[in-house]
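Participant: Each chain, letter by letter, is given below.
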Amino acid sequence: MNIRVLLDLLVGDAQADRTVPPTGFTARLTVFTAGAMAFLAVFALALSLATGRLADRWSAELARTSTLRISAPADQADAQLRAAVNVLETTPGIASARALTNDEQQALLEPWFGPGLPLDTLPIPQLIEIIEQDDGYDAIGLRARLQAEVPGAVLDDHTRWREPLIDAAGRLRTLGWVSILLIGASMVALITLAAQAALAANAQVIRVMRLVGAKDIYIARAFVRRFTLRGLTGAAIGTFFGMIAVLLLPSADVAGGFLTGLGFQGFQWLYPLVIPLMGGVSAFFATRTAALRMLKEQS
Amino acid sequence: MIALDNVAYHYGGAELFSQLTLSLEPGSFHFLTGPSGAGKTTLLKLCYGALQATSGEVRVFDTPATALDRDQIAMIRRRIGVVHQNCEFLDHLSIAENIALPLTVSGRLDLMENLTDLLGWVGLAKQMDQLPPELSGGERQRAALARAVIMSPDVIIADEPTGNVDWEMSQRLLTLLVELNRMGKTVLIATHDLNLIRTAKSQVAARVLRLKGGQLLQAGAEL
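Protein chains in written order, with my numbering: chain B, 1 to 299; chain C, 1001 to 1223.
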């Protein structure tokens, strides 16, 4: 669809438009359908983008870090800690290794045991946070060295539970895109049905138009323009309210749940603006195809 | 202009007519008569491409009708003005807009200036802003005739144009059709109204055809 066609479509031919009588019910139905679908599409888009961000964040944050856990008798704890740090600092691919303080360990346990945990009196393993370099390190080699030099150390490179999380986020993102496709397909189907109903209801208009020498494309254009503008208008309204609804979602970072991250960030707020355009384009092709097919069948 | 050569038409498996031959020469005036159900309307529709013959050949402006695609049929209809018995208007448009519809769909807005003269010619200047349902039967027939001729077609085909009007109005419509014929238009009128045919024959050299029993015959001297 080039610019000229688009402009013709938007500006229209007032005379041609008037040949089709106004149809209040199908007009409202089409606008409502396009609006509802666009509203849902905004949420599906927000879901896709949020899950994408989540997958990226989990991947980035967890892929670059590992944890070393040292469970040793109290009298050997310091020695094993020093030995472990020494091993880690001399392992290629590790940027830094830092033993967590008691406060940090307590903060990690606080969600499960509550505040004021007497950490000193409990046999809590010592944790070491490992930050990797871009190329990462050889986990198998490191485990072998640790087994020899720090018998009480267990290396957790997060792979075991990071991959299912990223996989889950990826599936959610796919689900979001599939939802958008289904919403688009539903909108096309409903607009096609509404257009066919309008064409069937205007059989006399079509008969008269043919009698006076109107070509199929001329007859179709009057319906196509009307339904395209309805699709565009409905989708614009739905998108507007969808974006408002997303904007009003709680941003309770404290809770840290997934849903609090559902929304758009920065330039992503421009993405939903494509939805009305897609709605209009979908309505254009759906109505044009339905109209030309029906006119061919009626000839 | 329009020629039917050995044409047959079957409807629902039954033969409506066969071996039908007809030629509409430029500037000729034809009446088509016959009993109800004989196929007069079908024959007219074959002439303007609304139906395709079951067999035989229909030539419209020297082109076989079977060779015409839908766009070409639309173009043909701009050269053939058609008046239906029940007129068929767009009821949400004014009479002026309905009469101008052929100009609108063909993009011939340069001919729009003829509209006022045409409305005056058919006596509907005062009714131009009214909607079709607000007009009487005679007014609607005159409006349909005006719409049929606004593109200055070569052929005018009218299906029972006086079927819903009184005698006085039918004479008025006939006068308009005779005037068009004198302007060089080919006219084909399907009608039951024998009085209309007799009156016309006193004004114009009309050929009368009778469609009966699937055959198209030249009508006798009784008309």
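Just so you know, these hints were derived from the structure itself, not from any lab.
Watch out, some of these pointers could steer you wrong.
[Claimed, not checked] Computed list of lysine-lysine pairs in DSSO-like fashion (alpha-carbon distance at most 27 Å, straight line): (1) B:K215 - B:K296; (2) C:K1212 - B:K215; (3) C:K1201 - C:K1045; (4) B:K296 - C:K1212; (5) C:K1201 - C:K1212; (6) C:K1212 - C:K1045.
Since this is a predicted model, take the numbers as computed values, not measurements.
Participant: With reference to the structure, classify each hint as holding or not holding.
Facilitator: Do the hints match the structure? See the list:
1. Of the pairs offered as hints, the one joining K215 of chain B and K296 of chain B holds, with about 11 Å between alpha carbons and a cut-off of 27 Å not exceeded.
2. A distance of roughly 35 Å separates the Cα atoms of K1212 of chain C and K215 of chain B; the hinted pair therefore is violated under the 27 Å criterion.
3. Taken as a hint, the K1201 of chain C and K1045 of chain C pair is honoured in the structure, with Cα atoms around 25 Å apart against an allowance of 27 Å.
4. At most 27 Å may separate the alpha-carbon atoms for a hinted pair to count; K296 of chain B and K1212 of chain C exceed this at roughly 33 Å.
5. Of the supplied pair hints, the one linking K1201 of chain C and K1212 of chain C holds, its CA atoms being roughly 21 Å apart against a limit of 27 Å.
6. The hinted pair formed by K1212 of chain C and K1045 of chain C meets the criterion: a straight-line CA distance of about 17 Å does not exceed 27 Å.
Violated hints, in rising order: 2 and 4; the structure is consistent with all others.
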